[in-house]
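S.K.: Sequence:
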Amino acid sequence: MAGKTSNQLVPSGKGAIIVLQRGWVAVGKYAQDGDVGSLKGASIIRRWGTTKGLGELAEAGPQKNTVLDACPDISFHVREVVLAMRCSNAWGK
1 MAGKTSNQLV PSGKGAIIVL QRGWVAVGKY AQDGDVGSLK GASIIRRWGT
51 TKGLGELAEA GPQKNTVLDA CPDISFHVRE VVLAMRCSNA WGK
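Counted the way the working numbering counts, the sequence shown spans residues 1 to 93.
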């Protein structure tokens, strides 16, 4: 693989679903500064509302039965991340 590699979980400024330890699942515009990740315009995903799992939510955006709880911007240590998934433009994030 040629080129410079990055320690970014997902590209900065892109929408991402982040699964954190203890079951927190959040979505927002991702940024990372060293070992600290953050989500701007964040929401906690209380109910996925999908038939095909979290990947469907990332690809297709919120569904009819998706429940999002808006929250202030969140930050976390990147070691707390269980899974990071880039969102499609369907999220508008």
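Simulated from the structure, these hints should not be mistaken for lab results.
Quick caveat: nothing in here was measured; it's all calculated off a predicted structure.
Each hint should be verified, as a subset may be incorrect.
Said to hold, decoys possible - For lysine-lysine, the following DSS-like pairs were computed, each having C-alpha atoms within a straight-line distance of at most 30 Å:
{"no.": "1", "residue 1": "K40", "residue 2": "K29"}
{"no.": "2", "residue 1": "K29", "residue 2": "K64"}
{"no.": "3", "residue 1": "K64", "residue 2": "K14"}
{"no.": "4", "residue 1": "K40", "residue 2": "K52"}
{"no.": "5", "residue 1": "K52", "residue 2": "K64"}
{"no.": "6", "residue 1": "K40", "residue 2": "K14"}
{"no.": "7", "residue 1": "K52", "residue 2": "K14"}
{"no.": "8", "residue 1": "K52", "residue 2": "K29"}
{"no.": "9", "residue 1": "K14", "residue 2": "K29"}
S.K.: What hint numbers does the structure not satisfy?
M.R.: No numbers; nothing is violated.
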